[in-house]
Amino acid sequence: MVDADQTFVIVGGGLAGAKAAETLRAEGFSGRVILICDERDHPYERPPLSKGYLLGKEERESVFVHEPSWYARNDIELHLGQTVDAIDREAKTVRFGDDGTLVRYDKLLLATGAEPRRLDIPGTDLAGVHHLRRLAHAERLKGVLTSLGRDNGHLVIAGAGWIGLEVAAAAREYGAEVTVIEPEPTPLHAVLGPELGSLFAELHSEHGVRFRFGVRLTEIVGQDGVVLAARTDDGDEHPAHDVLAAIGAAPRTGLAEAAGLEIADRAHGGGVVVDERLRTSDPDIYAAGDIASLHHPLFGTRLRVEHWANALNGGPAAARAMLGREVTYDRVPYFFSDQYDVGMEYSGWAPPGSYDQVVLRGDAGKRHFIAFWLKKGRVLAGMNVNVWDVTERIQSLIRTGAVVDAEALADPGVPLESLVS
Numbered sequence: 002m003v004d005a006d007q008t009f010v011i012v013g014g015g016l017a018g019a020k021a022a023e024t025l026r027a028e029g030f031s032g033r034v035i036l037i038c039d040e041r042d043h044p045y046e047r048p049p050l051s052k053g054y055l056l057g058k059e060e061r062e063s064v065f066v067h068e069p070s071w072y073a074r075n076d077i078e079l080h081l082g083q084t085v086d087a088i089d090r091e092a093k094t095v096r097f098g099d100d101g102t103l104v105r106y107d108k109l110l111l112a113t114g115a116e117p118r119r120l121d122i123p124g125t126d127l128a129g130v131h132h133l134r135r136l137a138h139a140e141r142l143k144g145v146l147t148s149l150g151r152d153n154g155h156l157v158i159a160g161a162g163w164i165g166l167e168v169a170a171a172a173r174e175y176g177a178e179v180t181v182i183e184p185e186p187t188p189l190h191a192v193l194g195p196e197l198g199s200l201f202a203e204l205h206s207e208h209g210v211r212f213r214f215g216v217r218l219t220e221i222v223g224q225d226g227v228v229l230a231a232r233t234d235d236g237d238e239h240p241a242h243d244v245l246a247a248i249g250a251a252p253r254t255g256l257a258e259a260a261g262l263e264i265a266d267r268a269h270g271g272g273v274v275v276d277e278r279l280r281t282s283d284p285d286i287y288a289a290g291d292i293a294s295l296h297h298p299l300f301g302t303r304l305r306v307e308h309w310a311n312a313l314n315g316g317p318a319a320a321r322a323m324l325g326r327e328v329t330y331d332r333v334p335y336f337f338s339d340q341y342d343v344g345m346e347y348s349g350w351a352p353p354g355s356y357d358q359v360v361l362r363g364d365a366g367k368r369h370f371i372a373f374w375l376k377k378g379r380v381l382a383g384m385n386v387n388v389w390d391v392t393e394r395i396q397s398l399i400r401t402g403a404v405v406d407a408e409a410l411a412d413p414g415v416p417l418e419s420l421v422s
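In our numbering, the protein residues as written are 2 to 422.
Take every hint as true, because none was put in to throw you off.
Here are the simulated EDC-like pairs of lysine to aspartate or glutamate, each with C-alpha atoms no more than 16 angstroms apart in a straight line:
| hint | residue 1 | residue 2 |
| --- | --- | --- |
| 1 | Lys52 | Glu62 |
| 2 | Lys93 | Asp107 |
| 3 | Lys52 | Glu174 |
| 4 | Lys93 | Asp283 |
| 5 | Lys143 | Glu174 |
| 6 | Lys377 | Asp406 |
| 7 | Lys376 | Glu408 |
| 8 | Lys143 | Glu178 |
| 9 | Lys376 | Asp406 |
| 10 | Lys52 | Asp339 |
| 11 | Lys143 | Glu59 |
| 12 | Lys58 | Glu140 |
| 13 | Lys58 | Asp339 |
| 14 | Lys52 | Glu140 |
| 15 | Lys143 | Glu60 |
| 16 | Lys58 | Asp342 |
Note that these hints are calculated values from the structure, not bench results. All values derive from a computational prediction rather than experimental measurement.
With the hints as constraints, model all of the structure from the sequences given.
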């Protein structure tokens, strides 16, 4: 069968799906490419939603992966505001949820992304309770922060992860009062551990953010549909005009589960199980981006990575694999964040309990440093804070798996490349 006779269907119109479609054409695929997006907006990137766009520093048009006319010019059949509610693996069809239309595929890519986890407490139906995952969420939240800043209003944020902290920084720049509720002892505890999480607590506290660690929200209090306060399990009540739920995201695996594809267990983050080619348990179905659960050869465990770089790189890798190219997807996980005047990049994977040493290079007090997480002298992860153009060297240290001298690693006078054997 030649390319022109084949149909490749992509379910999910985020960055991974859009970049997969782009790659299929760039690699010379001449068959049908069908891209199905459940949002009415064209595919867009998500980092600006909690960074530049939320702050009003980037225009709405800047978030889109391609300009709208790109899809027609490249003969991509783009279906906006459409859902797929079933996959028939035997017939090799997907079914549209609105009218039951069946579309046959030769290869199928699932890039359905993730959705924000919901607070399971009274009061979450109030109009002032927000989530941040989609462009529409960011547009609404930008208006909320503008009003809170103008009126000296209070925002309560449930969760001190990346989204919670980035929104906290944006809210303070607008002039809003901010309280962050976090059950762990530090921000970003599950990612950075207590050693580096405390530095982010200090950063935000210096900018007027109030933290309540070791407690959980139990109720959002309101009257006539309006948020008035947020209660925590220690009995305290915190003033609030709006509440942001930033307690993480869950992979959107319902379609894959219903189709009988293998799903990773919760201990490994859930997601659709894929091999090194991003192929699922069905050889004609692939998965990329937030939903893909890959056994990572560098870390010896199954990982599901939700960050921008994984969508950016995973979509094209899956597209090449669908075309029969040789693909081994073993990218070092990477993400970045901007908060106030602090920018950082993180490479690797080192959750609490996986490392036995943290090494700092530079001046953490001045927030100009690199942190390394090590296990038996081997670098598992590195985070550069206001230090630039070092990501490639950090990732080389991770990839080699070589034992490094901790004193040399901590010494800014020793070139990082000299530590890579």
